[in-house]
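Peer 1: Chains as they are written, first to last, in my numbering: chain X, 1 to 549; chain B, 1001 to 1413.
For the record, the hints were derived by calculation from the structure and aren't laboratory data. The model shown is predicted, which means the values in this text are computed figures rather than measured ones. Each hint should be verified, as a subset may be incorrect.
As the list claims (entries may be wrong) - List of simulated lysine-lysine pairs, DSBU-like, C-alpha gap at most 30 Å:
1. Lys142/X to Lys1085/B
2. Lys196/X to Lys1120/B
3. Lys178/X to Lys1324/B
4. Lys178/X to Lys225/X
5. Lys1236/B to Lys385/X
To be verified - Which chain X residues stay away from chain B? Per the calculated CB distances, all over 12 Å, these:
6. Ser140
7. Val234
8. Asp268
9. Phe301
10. Ala362
Even glycine gets a Cβ: it sits at the ideal position worked out from N, Cα and C.
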Amino acid sequence: MIPSRRRTDLSNTAVPVERAPTVRAGGATSLPTRLVTAFSGTVGLVTKIALLAIFNALVVWALEILAADGKWIPVFIAAAATVTIDVIYLLPGRTPAKFLIPGTVFLIAFTVIPIVYTVNIAFTNYSTGHILSKPQAVDSIKQFTLAPPPSGKTYNLTPARDENGDLVLLLADADTGKPYVGTTEGLKPVDRSTVKMSFGAITAAQGYTAIKGAELFDPASGLDKQLDEFRVPVGRGAIHPEGIDNAVELEPTLRYNPQADTFTRISDGVVYRDNGKGSYQTAGSEELEPGWKTYVGFSVFSRIINDPLIRNPFLRVLLWTFVFATLTVGLSFALGLFLAITLQKQFALQRFYRVILVLPYAIPAFLTILVWGGLLNDDFGIVNKLLPWGLDRPWLFDVWWARVSVILVSIWLTFPYFFLVCLGALQSIPGELVEAARVDGAGAWQVFRKITLPLLLVATGPLLIASFAFNFNNFNIIYLLTKGGPASGESSIAGATDILISYTYKIAFATGKGSDYALAAGISILIFFIVATISGIAFWRSKALETLR
Amino acid sequence: MLNRFTWRIGALLIAVGALAALVATSVAPAASHKRTAGSLRIWVDADRVNATKKLAQQWASSRGFTAQVVQKGFGNIRDDLKTVKAADAPDVIMAAHDWTGELAANGLVVPLFPKKAALKQIPAYARKAFTYGKLFGMPVALENVALFVNTKLAKVPKNWADLEKKALAFKKGGSGRVALDVQQGSGGDAYHMYPLFSGLCGYIFGSSSGRLNPNKLGVANAKFLKNAKLIDRWNKEGLVSSKIDGNTATQLFTSGKAAYWITGPWNIDTARKAGISFKIVQVPKIKCASVPFLGVQGLMVTKYAASHSVATAAKDFVQSFMAKSSSQYELTVLNGRYPANTAAAKRVKDTSLKQIGLASKGGVPMPNIPAMNSVWGDLGTAWVKATKGEDATPAKAAFQTAARNIRAKIAGG
């Protein structure tokens, strides 16, 4: 872009160079100097060891929790990493490593590990009904499928101890009032004359001592658990205590076969088998709930590709996401740059304008987006009320005007950022270049296009790419302003203003059986690849701008 | 030499630090385990935390036990239950009935078997609301939307035709007024629109063998489609507008620009504070009874209660203590919601609460099966499209599209 004969040595004017701490006249030293001298020697050493000790103590605490959970691989990795970090900081030299370690640790902890987890989840079936582990699911199924038999009884319960001090249940039939004693052997009726009853429950019985409430709840006695697991076998099932005053006769409706790993329905012999996808299923498609979490290979990704419900809107949403991100970044940058250039020259209210132009960026976006949602309301919002007759629009209710609204609001939110960036970057463009160009006879527009803009892009290129990546996934503005709506004609899940990430959210949490974390993880990985590819290409191409220097 | 020396000192100090941490942490977990073993942990949302604390205290002191009430965001109770560590998990949770299906399918809550006498005092629909094959929760409070009528600005309608006439007359009587104030917004709100939906003979799921069947969708059933042209008429005469969202709806009523507001008991205080004198009635019957969605709140026992060895205590609290009419009445007084227990309901003194309780007659509990997730969005959108104003979609087409989309989502999920 710049003619090569114009290449000027910019190395000493590019960026304001940090001045080394200097000793001023009179012996007074600047703050950086004082800090450096204070932290050299013993004080620095002690501080370093203290910080390392605290860091190690925290790691030990974390290792303990991980070990208690039985997660041995993270324990090993964390321990090895901590030892390495200690060694690097205690040995002399190795300065680059010492500077890079904190950043690397945070990068791994907050970026790499979440990505690894997400990839892991995408290969499972983690969703509603598939949260537990398999043994937990089997236990739950056994418990949930207990049912009262057709003529099952309920009893008023009084826990008691017999002469040997063992736990027994004093039961009184809730309907007939007939008293019984329930033990682990079975149910034994007792003579009415040997018991005292009140309000249908047994309060005292010969040969047994009723357990007082306080003892029941005393955690040291372990009675809560004992009572909860006590079973009085009767008929095909057993009597289960439910609380401290109620007991119910329940029988199993499914029988579990541990060797064959199947459940069989007792009433008609239907068999439920492990279907390899995390639940027990009959030959038909009747499933037992709950299921469990298990690895299902690439089924999430094949679903994204093959399920028309997910695939059909995908391309449209992808295109709109690109358009949205590009327009937001492009137009915000243009507006921010224009304002920065305009407000470069000194004039009366320059400071005032600079302040209010930064406000949209300073006020929390959550608040302002919601307020915009109200302002843009068709009938009640002030925007339509202020516009002259005939210019009012269904801002958030019409498919295309909703898209325009979303872009306008996101530009409003983003331009102050580029305004600030451009203000700073414009200072760094050496005045001599512009003067030289003017002397050569270049007009204002040529100066801008051939000198100012390329140099500006070198400085702000990475920021533009980062802003693009941010807006590609700007869930907040879409969800808060339009919730992804309004509904566009054909598609069911994706609205007119849905971007990939809000579309993912809707698929994962607002369809089917509820939360589908595995599907959300799968689509997130796809989005990651898309954004990473674009960013990678953009950074690679922006190196071309570096040759200007 | 100095470096080696430093190294050794450093290593020693770090070892000391690590050891100290070990000692400290070996004490802390023991303490936290003791806390869990001896007390009942309850998760409650912000609205009900004070009431629950008081009742849990009463129960705990009557049994010689301790109860620990933890406040969480309402949605977080359901979501965090999936991922919470066993040591921190609650034993009892306050839940909305429409979570029942999801929580039961995830195996996170256990079936309850309260005494028959206790269950008799709970209305059948409230029991059904917490049933997903088995009963999983003890209902304690009811919630439903109803018609709030500003008695100073308008009269209580005798029937639907009367409401239509009066509402439209009110709208014409001043600028910026609306006829029927019901919130939708661009995202739609199938919950608030349900009385109108059921009034036109719509329903969500049919049932088979006592359970809701997600394949029997009633969103665009024949009767409803026949009545759907009424929606087009309402849209043309401006009776209902989907441009009104939640905040706007409240604003319109409290500033006197709307005399007929469809909302729920959470706004009773709002209306009172704005100085409005109002009466609450059920939305009048349109072609079928205009019944609202019922939200039932209740207590559930989680599967963690057994592993914490407090299962008996948890079941006692939920099935015996909180089922009593005195407990539920106390909860009502502190909480501002209608009680589920019928004996407690008879004691309710607050006029508005009594009226909204009466307005729930015949109401339909929101379906508690996981498939319901697929319904909200499209049903709300159908209403928005049909009541948009000038460029509204004809209602019949809008709801048929919705039904088609919902079927696809349920099948795909």
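Peer 1: Against each hint, give a clear statement of whether it holds in the structure.
Peer 2: Taking the hints in turn, this is what the structure says about them:
1. A C-alpha spacing of about 23 Å is found between Lys142/X and Lys1085/B, which places the hinted pair at or below 30 Å, so the restraint holds.
2. Taken as a hint, the Lys196/X and Lys1120/B pair is honoured in the structure, with Cα atoms around 27 Å apart against an allowance of 30 Å.
3. In summary, the hint linking Lys178/X to Lys1324/B is supported, as the alpha carbons are separated by about 25 Å, within the 30 Å threshold.
4. Using a Cα cut-off of 30 Å, the hinted pair Lys178/X and Lys225/X holds, with the two alpha carbons roughly 27 Å apart.
5. Between Lys1236/B and Lys385/X the alpha-carbon distance is near 22 Å, which keeps this suggested pair within the 30 Å criterion.
6. The claim that Ser140/X lies off the interface is violated: its Cβ sits roughly 4 Å from the closest Cβ of chain B, which falls inside the 12 Å cut-off.
7. At roughly 15 Å, the least C-beta separation between Val234/X and chain B is larger than 12 Å, which holds for a residue marked as non-interface.
8. Residue placement check: Asp268/X keeps its beta carbon more than 12 Å from all beta carbons of chain B (closest about 14 Å).
9. With a least CB separation of 16 Å from chain B, Phe301/X remains clear of the 12 Å interface cut-off, as annotated.
10. Its beta-carbon lying about 24 Å from the closest one in chain B, Ala362/X satisfies the requirement of being farther than 12 Å from that chain.
Hint violations for this structure: number 6 only, all remaining hints satisfied.
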